[in-house]
Amino acid sequence: MPEPILTVQQVSKFFGGLTALNKVDFQVSPGEVVALLGDNGAGKSTLIKCVSGVYRPEQGRITFDGADITHHAPSEIRDRGIETIYQDLALAENLDVGANVFLGKEKKKRAYGFINVTDDDFMRSEAAKVLERLDIHIPSLKQRLVNLSGGQRQAVAIARAIYWNAKLVIMDEPTAALGVPEQRKVLSLIRSLRDHGVPVILISHTLQDVMTVADRMVIMRRGKVSANLPRAEATEELIVRHIVGFGEVAEAS
Amino acid sequence: MAAVAVKNSGSRAGALDMITKIWAYLFLLVMVIFFSVTGTGFFSLNNFSNILVTSTLVALMAIGQTYVVITSGIDLSIGWTVGLASVMSARTMRDFVNGGMDIAPAIVLGVIIALLVSLIPGIINGVLIARVRIPPFIATLGMFGIVRGAAFLLTDGQQVVGNLSDTLRQVLRGIGNGSLAFWVPGQGVAWFERPPDLPPEVIRGVAQMLPYPVIVTAVVVIIFAFILGRTQFGRHTYAIGGNQDAAVRAGINVHRHLILIYVLSAFTAGIAGVMHLFRFTAGAPQAGEAALLQSVAAVVIGGTNLFGGEGKISGAVIGALIIGVLQTGLVILNIDPLWQFIVVGVVIIVAVLVNQAQAALERLRSNA
Ligand SMILES: Nc1ncnc2c1ncn2[C@@H]1O[C@H](COP(=O)(O)OP(=O)(O)O)[C@@H](O)[C@H]1O
Ligand SMILES: [Mg+2]
Chain A
1 MPEPILTVQQ VSKFFGGLTA LNKVDFQVSP GEVVALLGDN GAGKSTLIKC VSGVYRPEQG
61 RITFDGADIT HHAPSEIRDR GIETIYQDLA LAENLDVGAN VFLGKEKKKR AYGFINVTDD
121 DFMRSEAAKV LERLDIHIPS LKQRLVNLSG GQRQAVAIAR AIYWNAKLVI MDEPTAALGV
181 PEQRKVLSLI RSLRDHGVPV ILISHTLQDV MTVADRMVIM RRGKVSANLP RAEATEELIV
241 RHIVGFGEVA EAS
Chain B
254 MAAVAVKNSG SRAGALDMIT KIWAYLFLLV MVIFFSVTGT GFFSLNNFSN ILVTSTLVAL
314 MAIGQTYVVI TSGIDLSIGW TVGLASVMSA RTMRDFVNGG MDIAPAIVLG VIIALLVSLI
374 PGIINGVLIA RVRIPPFIAT LGMFGIVRGA AFLLTDGQQV VGNLSDTLRQ VLRGIGNGSL
434 AFWVPGQGVA WFERPPDLPP EVIRGVAQML PYPVIVTAVV VIIFAFILGR TQFGRHTYAI
494 GGNQDAAVRA GINVHRHLIL IYVLSAFTAG IAGVMHLFRF TAGAPQAGEA ALLQSVAAVV
554 IGGTNLFGGE GKISGAVIGA LIIGVLQTGL VILNIDPLWQ FIVVGVVIIV AVLVNQAQAA
614 LERLRSNA
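Protein chains in written order, with our numbering: chain A, 1 to 253; chain B, 254 to 621.
Worth double-checking, as some hints may not be accurate.
[To be verified] Label pairs and their calculated CB-CB ranges:
(1) A:E3 - B:V380: 56 to 66 angstroms
(2) A:R80 - B:W444: 39 to 49 angstroms
(3) A:G81 - B:I399: 22 to 32 angstroms
(4) A:E3 - B:L617: 21 to 31 angstroms
(5) B:G482 - A:D215: 42 to 52 angstroms
(6) B:I376 - A:N165: 30 to 40 angstroms
(7) B:G353 - A:F122: 56 to 66 angstroms
(8) B:L617 - A:K108: 44 to 54 angstroms
(9) B:W592 - A:F122: 44 to 54 angstroms
(10) A:F122 - B:V442: 39 to 49 angstroms
Note that these hints are calculated values from the structure, not bench results.
Note that the structure is a prediction, hence the values are computed from the model and not measured.
Cβ coordinates follow ideal geometry from the N, Cα and C atoms, glycine included.
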């Protein structure tokens with residue numbers, strides 16, 4: 001196993017009195033697809049938000065590519081090469097597709113020789129190219145996202161994450177709003193990322209998908225990592241047992 | 254048959270859509286025509302330039318307010334920031350001149366100092382809202398009281414700053430009520446000054462073509478419309494209003510951006526306050542009191558969404574002009590000017606209804 005590119009060590013996160021993450025250890029190696037599984041409220045989204053800089057953990061350490069990123073802002077973490085597709089998509093629905101793919105990293109050009117303006121045509125055409133890769137067609141890229149379907153919006157969120165040649169892509173339920181053909185497309189996208197050496201953290205409730213793409217399954221329960229299974233050892237039954245907590249019962253008895 | 258019906262409803266929706274987008278312009282046009290037809294003297298170069306000058310105060314305040322409202326905030330303090338800048342500029346100019354400084358540097362320094370001081374409430378608003386997370390309504394309401402008190406303390410409780418020397422007043426008035434170009438009937442355009450020694454019947458027809466306050470306001474409008482529409486700063490302003498969480502996660506420094514937005518709002522109010530001094534040659538704490546709600550009205554009439562994420566500077570300018578035309582038109586028609594409040598109130602409500610209709614239309618179209 002190569003050196004992990006992402007290491008989460010003993011990370012805890014509290015919301016008031018609630019312990020969302022309880023001393024979580026978690027690693028991702030280059031070129032690896034890691035599935036993060038667990039019941040609703042297990043802490044999956046909170047964990048990836050700690051990695052992407054949205055939350056600051058109260059305890060523990062997160063390192064990426066040799067650097068301590070525990071207290072970095074989202075912009076610094078994106079600059080270091082981690083892109084995230086959030087469960088709620090985190091899109092500005094009042095803006096168009098290009099503006100969303102480039103949100104926070106707008107492409108600029110010189111106007112009148114002295115002032116930087118946003119290069120909207122460039123951003124739109126680049127957005128069109130990534131969407132092409134995803135095989136998703138959005139009739140007019142000048143449309144604001146409010147006018148797009150749920151699946152199209154999800155495609156925009158995915159497009160934004162893969163546009164930037166990330167070193168790690170995190171996907172929190174990326175296929176929830178997609179039809180079956182688009183779901184397949186996303187799965188093959190995940191494989192192609194891995195084949196290019198880009199590791200992926202995939203959160204999904206669709207066990208079938210997970211079984212076909214993941215190299216390793218990490219299962220969370222009540223803010224803790226309860227199991228870490230290589231694909232060879234993972235059966236659907238075993239995964240489900242860990243998700244619902246029968247694993248603990250079995251160990252205890 | 255069915256296809257025809259669909260096509261018809263489509264083009265009708267298109268026309269409706271168009272109207273919801275430009276109704277404020279149409280409304281302004283209709284009002285101008287109405288007053289021109291019914292009010293004697295309304296349709297004249299003199300009156301139009303008068304309306305433009307009158308509208309500058311609300312327009313300047315509405316520029317900053319537009320940015321604030323796009324981020325789904327509100328700035329209630331700018332009315333008194335106008336007053337603070339007015340008083341501050343009057344005081345510093347007076348003290349410099351009475352201390353023996355030449356008029357020109359005293360005026361320049363007074364303007365700079367007043368503009369800098371007017372940024373202070375903006376900085377505090379921004380920090381309270383972005384970092385301490387006090388809702389904009391509350392933070393700027395608090396600042397409303399604080400700046401009001403500060404402005405009155407600076408005039409020692411008086412309605413205006415006293416003791417401005419006559420020469421200072423004269424220079425201020427010359428700029429504040431001056432114009433780059435005049436229209437002289439029978440003679441054409443005169444630059445910088447009214448030609449001297451005109452016969453009385455000609456003097457009455459002389460009109461300001463490019464009053465300085467209008468030029469200043471136009472420059473501010475163009476700069477801030479450009480920033481909002483074309484730059485990354487503008488893009489981030491819309492993004493924050495559309496989905497603040499998304500903006501944070503995309504790596505936008507939302508705290509810093511929001512602070513800058515409230516500083517910008519205070520800045521355009523500061524310009525309005527300084528201009529007020531030039532126009533009326535008196536530093537008055539109440540200079541922007543009545544204009545605050547008018548600036549919010551102008552922003553809403555101009556189509557800016559009070560929930561954030563949408564809006565344009567051009568809309569705010571149209572809104573300010575509608576209010577200016579109303580004020581002037583009612584006076585010319587000899588109707589009690591108090592009617593303006595009622596008409597503006599109705600227009601605000603219509604504006605919100607039209608915007609809702611527009612959102613509904615957009616939804617309909619995307620579902621179709
Ligand atoms: N911003 C927040 N404020 C308060 N509680 C939160 C917040 N985000 C998540 N939680 C709580 O933390 C726990 C873990 O949530 P989450 O990470 O979203 O779970 P998952 O993604 O595995 O379904 C839940 O109990 C949830 O209610
Ligand atoms: Mg979740």
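Legend entry - Those earlier numbered hints the structure runs against, lowest number first: 1, 2, 3, 4 and 8
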